[in-house]
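Visitor: Letter by letter, the chains look like this.
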Amino acid sequence: MSALPTHRRRPTPEGVFVTHTSTRPRRLSPAEVRARLGEPEAMIEAKIIDHIDEHFRRFIAHSPFLALATADAAGRADCSPRGDYPGFVKVLDERTLAIPDRPGNKIADSFRNLAENDGIGLLFLIPGMRETLRVNGRAYPTDEPDVLARMRIETKQPELALVVDVAEAYFHCGRALVRSRLWDPASHALADELPSAGEMAAAQLGPGIDPAAMNRGLEDAYRKLY
Amino acid sequence: MQQTIVERIDRVAEDVVSLTLRGATGPLAPWEPGAHIDLALPNWLTRQYSLCGDPADRECYRIAARYEPLSRGGSEYLHRFLRRGRTLDVSLPRNHFPLAPAPRYLFLAGGIGITPILPMLRAAVAAEIPASLVYVGQTLATMPFADELRSSHGDRVRIVATRQQGRPDLADLASTLDPATVVYCCGPASMLAAAQAAFPAERLHTERFHPAVRSFAPDTPFEAVCARSAQTIQVPADESLLEALIHAGHPVASGCREGVCGSCELTVVAGEPEHRDDIGAPAGRMYACVSRALSPRLVLDL
Chain A
0 MSALPTHRRR PTPEGVFVTH TSTRPRRLSP AEVRARLGEP EAMIEAKIID
50 HIDEHFRRFI AHSPFLALAT ADAAGRADCS PRGDYPGFVK VLDERTLAIP
100 DRPGNKIADS FRNLAENDGI GLLFLIPGMR ETLRVNGRAY PTDEPDVLAR
150 MRIETKQPEL ALVVDVAEAY FHCGRALVRS RLWDPASHAL ADELPSAGEM
200 AAAQLGPGID PAAMNRGLED AYRKLY
Chain B
0 MQQTIVERID RVAEDVVSLT LRGATGPLAP WEPGAHIDLA LPNWLTRQYS
50 LCGDPADREC YRIAARYEPL SRGGSEYLHR FLRRGRTLDV SLPRNHFPLA
100 PAPRYLFLAG GIGITPILPM LRAAVAAEIP ASLVYVGQTL ATMPFADELR
150 SSHGDRVRIV ATRQQGRPDL ADLASTLDPA TVVYCCGPAS MLAAAQAAFP
200 AERLHTERFH PAVRSFAPDT PFEAVCARSA QTIQVPADES LLEALIHAGH
250 PVASGCREGV CGSCELTVVA GEPEHRDDIG APAGRMYACV SRALSPRLVL
300 DL
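Heads up: the protein sequence lines correspond to chains A and B, in order. Numbered per numbering that gives the first Met the number 0, the first sequence spans residues 0 to 225. Numbered per numbering that gives the first Met the number 0, the second sequence spans residues 0 to 301.
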């Protein structure tokens with residue numbers, strides 16, 4: 000797939016590739032954004048609490064998936080998926096969560112970012128549930144045995160976990176999930192319109208990479224989840 | 000699998016709940032004292048619990064579970080999140096701790112280890128076989144069914160709260176025992192170890208909740224031959240036999256995946272298994288979740 004002619008790719012001074020359009024969309028000021036959106040209802044702000052109450056605890060106990068957002072000291076941001084059996088995130092107490100670090104790509108973007116900037120944003124999802132749970136706070140890595148012991152699967156225990164000190168927790172209304180038809184089984188057909196992950200990765204890595212071998216490698220990795 | 004409905008959730012002691020599970024479609028499978036079931040929880044975890052109700056009641060099973068502070072999600076789910084009316088799948092009962100005929104019994108229970116012992120004591124008393132129970136816990140408040148036991152069985156039951164009374168001296172107990180007595184013990188690892196030191200192995204039956212801590216030779220790859228399907232499966236060092244069989248398309252059942260529950264029992268036709276379970280596999284059987292091979296290949300009846 001070739002880039003659109005209005006786009007150019009250039010490395011930033013840090014060596015990261017960023018795509019810019021030559022005619023940049025207009026940037027709004029915060030005041031202009033507020034003018035267009037209007038003021039939030041008082042009730043919406045009031046529902047933000049500073050701890051994990053019983054409803055949120057039940058939500059987390061049934062959530063098998065979350066998106067985890069961090070940024071480094073320079074503001075370079077990252078969002079990564081975390082998933083496991085429902086309740087894989089442990090509520091240590093009403094202000095503290097622990098997220099297991101299962102084997103992944105070992106890039107450790109989140110840990111690198113947190114070392115510079117411990118702010119973290121989490122979005123928990125439950126299949127079939129339109130509302131999502133947002134938790135923001137500060138996080139650090141741990142290898143505390145009593146925390147890791149609660150995350151053991153069969154004989155495999157994670158090497159690390161992230162401890163999250165909760166600052167804000169709130170339900171996010173389900174309109175995004177309703178619009179996206181995220182839990183509608185008919186939406187699964189969208190995945191059929193993409194090439195396989197191996198084909199896409201092989202195209203990005205350049206010639207000499209066999210897409211079928213990439214796919215087999217991925218399937219093998221998906222067998223060894225812990 | 001059998002479908003049940005959570006009919007009752009009762010707090011029966013500090014940090015202990017009892018569940019009454021009613022058969023959703025009629026009578027439940029029969030069971031004998033010492034049996035356990037796998038419970039498939041809504042959070043995808045499967046946990047094993049001893050049946051502690053009345054075997055004559057075919058309508059309901061009863062189990063009890065202690066809240067574990069280091070819960071991985073099983074006991075925490077039962078205590079915090081499970082709701083009455085929820086449908087739960089349970090396995091058919093299995094029994095690795097059956098009550099064998101004996102002229103007299105001594106039952107030893109530690110804490111939640113009382114669950115398999117309850118129906119055993121009831122059965123022994125009903126059969127008019129001399130039986131006594133020593134039930135040990137930290138404090139009376141943490142010991143489920145203590146009142147029920149005292150009111151039904153009176154002097155047969157000795158309740159020991161270790162915070163006040165210390166641990167009972169099992170060696171002392173053993174020295175005064177009629178030599179024909181058979182001992183059944185279920186409790187924490189420390190209690191099982193004390194019982195093993197005090198009573199002769201041929202007259203002691205034990206059940207543990209967690210796998211014993213043991214070490215094994217490093218995992219090595221081996222070959223599993225499925226005799227019936229004429230398929231040869233390579234089991235790599237970092238995969239269990241159970242995982243390798245499932246990946247190769249053999250739907251082997253599994254539960255605890257720690258060598259405790261016995262759901263993944265296989266028949267071995269040839270080859271020498273390296274048993275790593277806590278059940279004590281009968282001859283010609285093995286548990287695929289933890290056990291591996293001493294011979295380069297195992298031939299399985301699959």
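If you are wondering where the hints come from, they were derived from the structure by calculation, not from laboratory data. Among the hints, a few may not be true.
Quick list of simulated restraints, FRET-style, between CB atoms [stated by the list, open to error]:
#, chain 1, residue 1, chain 2, residue 2, range
1, B, 68, A, 207, 23 to 29 Å
2, B, 228, A, 221, 22 to 28 Å
3, A, 179, B, 235, 36 to 42 Å
Glycine residues also receive a C-beta, built at the ideal position from the N, C-alpha and C atoms.
Visitor: Of the numbered hints stated earlier in the document, which are not met by this structure?
Guide: 1
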